[in-house]
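Engineer: Below, each chain spelled out in residue letters.
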Amino acid sequence: MIEPTLSHYLLVSGALFSIGLLGVIVRRNLLIIYMSLELMLNSANVALVAMSRFNGNLDGQVMVFFIITVAAAEVAVGLALIVALYRKRQTTEVEDLASMKL
Amino acid sequence: MELAAWLILLLPLISSGLIGIGAFRSKPVSAGFSIGAVTGSFLLSLVMVANVETLHTSVNWLAIEGLKFDIGLQIDTLSKLMLCVVTGIGSLIHIFSLGYMKDDRDFSRYFGFLSLFIFSMLGIVLADNFVMMFIFWELVGVSSYLLIGFWFEKPSAADAAKKAFLTNRVGDFGFLIGILMVWMLFQTVSFSELQLNDQKEGALILSGLAGFLIFCGAMGKSAQAPLHVWLPDAMEGPTPVSALIHAATMVAAGVYMLCRVFFLIQGTWAMEVIAWIGGVTALMAALMAVQQDDIKRILAYSTLSQLGYMVMVVGLGGDQDDHYLITGVAGTDAAMFHLTTHAFFKAMLFLGAGSVIYACHHEQDIWKMGGLRFRMPKTYWTFLIGTLALCGVPLFSGFFSKEAILVVAFKESMPLFLIAVVVAVLTTFYMTRLFIVAFTGDARSEHAMHAKESPNVMTLPLLFLAVPSVFAGYFNMHEPDPIILFASVIAVVFGALMARALYQNVDKDPLPAKLGIVAKAMNKRFWFDELYQWLIENVQENLARIADIADRWIISGLLVRGVHGSTELAGRLLRLAQTGNLQTYAFWFTAGLVAVLIFALS
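Sequence order for the protein chains is A and B.
Here the first sequence stands for residues 3 to 104, numbered as in my numbering.
Here the second sequence stands for residues 15 to 616, numbered as in my numbering.
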């Protein structure tokens with residue numbers, strides 16, 4: 003069994019970020035896009051924690067706490083918006099939400 | 015006195031302004047303002063003549079580094095004479111207009127324009143520098159345009175106004191360049207400063223050119239060949255306007271201007287050009303007048319011919335002597351003298367013609383008149399006096415001034431003297447023709463049969479003008495020269511007898527049958543209008559077409575529309591990127607980010 007190094011963690015973080023980004027770009031369901039966004043946030047968390055761990059500096063981990071807190075608040079607001087939208091329009095597909103388009 | 019001088023100039027402007035602002039609502043009020051202003055100016059001019067030797071006053075108008083223009087008034091013998099002519103005849107013609115324009119719908123507008131014209135004309139007369147003169151020169155052009163086109167609903171009047179304006183522009187273009195050349199040569203445009211300059215040093219060719227270009231202005235205003243074509247057409251305006259502007263004052267402005275700046279052209283090659291242009295105009299116009307049938311047109315060509323006389327004699331120059339009271343030079347003195355007498359009798363002839371036209375219900379063809387002698391006695395007698403004066407019958411004013419011209423021509427240039435004598439014969443011929451056909455014999459139309467004498471408001475100015483037409487010659491009389499006296503008397507007698515033999519008791523013009531193509535050429539004014547028409551159609555139109563193509567395809571097509579088109583195309587293309595889909599934006603954003611990263615890291 004090999005000891006995981008910083009590169010492994012960063013690779014995992016990059017992969018998570020890319021998957022999240024891909025999801026944001028290609029999926030059409032708001033809820034899924036939202037989840038993909040969360041995935042991108044957490045990939046950043048992984049990278050921060052790994053950096054902090056390997057550099058012996060706790061700043062990164064403190065930062066992660068902040069991010070988690072803010073993300074929780076953001077999820078609450080965002081989900082509330084999506085629910086409100088769904089109630090109004092009976093859909094969460096982005097293609098159907100084009101009433102602002104000229 | 016200075017205030018009075020300014021008032022002479024400004025009274026008509028005030029009147030014109032008041033009529034424009036509100037007085038136009040009431041016919042008597044606007045006529046009152048206008049007549050009051052011009053007679054006021056006339057009285058003040060008389061005060062000037064009585065009390066002032068010379069007067070020069072100016073206010074600074076524009077002063078920047080190396081450039082200084084004044085608005086100034088210059089009153090001397092020359093301008094005093096001209097002031098009296100302009101305001102004196104102007105007053106009488108204003109009064110005549112009361113009767114002539116009585117029933118016109120735009121009576122007030124007419125008087126407003128008339129005041130504007132008097133103001134502009136006085137500006138030219140009083141100007142003490144070229145720039146001011148040019149400004150008023152153009153103002154006169156505008157007011158003349160407005161008055162010729164007074165009955166603008168009539169297409170011929172509107173066309174004539176445009177023609178006059180455009181022809182004048184051609185001359186004024188030369189005038190403007192001439193002024194700029196004077197400015198370049200002497201660094202000043204003020205007449206008094208120019209007179210002090212010793213302008214002849216080394217720049218004779220240039221100052222000759224400047225003189226000629228300035229003469230171009232006079233060529234337009236005084237209707238000299240080849241810019242004479244507008245004046246006969248200008249007769250489309252109301253008859254008092256023809257009398258005031260196109261016989262007595264505005265067309266004389268060119269001659270006046272030449273006399274005013276004579277020191278600039280004196281001794282240069284421009285003199286010869288001026289003399290010959292004047293002579294040719296005089297001869298040509300007299301020939302044209304012989305075969306016209308419209309009473310006003312005959313007078314118009316006669317005006318052209320007399321103006322040619324004046325311009326010719328200015329160009330001839332002559333000797334300098336103090337006994338030439340007006341300007342001190344024989345040529346300009348004779349020109350101003352003839353200008354003055356001509357202004358009186360020609361204005362009277364035009365007003366007489368106006369009276370005839372009024373009585374014959376706006377009939378202008380002399381072959382449809384006839385027998386007016388007993389029906390319109392006052393008009394008949396004054397017209398007779400005008401005719402005698404114009405022909406230069408001894409003891410009438412025209413005789414003295416024409417003789418002054420002939421004397422100078424005799425001394426300076428034999429060919430031009432001969433031309434002048436021929437013109438004198440022709441003048442008598444066409445005037446006698448007009449007179450016999452229109453006033454004697456039997457009436458040839460209904461209107462002429464029932465013509466009645468015009469009202470007093472129209473005949474009184476005629477009578478007033480008859481006085482100076484007879485006597486204006488005596489104030490500048492010179493020793494008569496026997497040869498000249500003989501020549502001019504022979505010319506008058508010969509012309510009159512010939513016309514009498516041909517036109518006594520005839521119903522239509524016998525000349526075309528006798529002269530054939532020559533008479534036709536005279537009648538068609540030597541095809542000048544047709545020539546210009548052809549030139550415009552073939553040369554100017556093509557130039558305009560080329561300019562149009564250049565404008566349409568190069569300027570507008572390539573440059574303007576090119577810029578606008580490529581911008582629009584870019585916009586249309588970029589619009590495709592704006593899908594309105596957030597995810598597309600996110601994709602482009604990421605793609606950009608990746609591109610920047612690749613660029614930065616590699």
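Worth flagging that the hints you see were computed from the coordinates, not collected in a lab.
In this text, a Cβ means the ideal position worked out from N, Cα and C, and glycines have one as well.
Heads up, some of the hints might be wrong.
[To be verified] Partner residues are not named here, just some residues of chain B that face chain A (Cβ under 8 Å, in silico):
#, residue
1, Ala-591
2, Gly-594
3, Phe-601
4, Thr-604
5, Ser-616
Engineer: Could you run down the list of hints and mark each one as holding or not?
Structural biologist: The hints, checked one at a time:
Interface restraint check: Ala-591(B) against chain A, minimum CB-CB distance 15 Å, threshold 8 Å, status violated. The beta carbon of Gly-594(B) is positioned within 8 Å of a beta carbon in chain A (closest approach about 4 Å), and the interface hint is therefore held. Contact between Phe-601(B) and chain A, as hinted, is supported at the beta carbon level, the nearest pair being about 5 Å apart and thus within 8 Å. Below 8 Å, beta-carbon pairs count as interface contacts, and Thr-604(B) has one with chain A at about 6 Å; its hint therefore holds.
At about 17 Å, the closest approach between the beta carbon of Ser-616(B) and any beta carbon in chain A exceeds 8 Å, and the interface hint on this residue is violated.
Violated hints, listed in ascending order, are 1, 5; each of the other numbered hints is respected by the structure.
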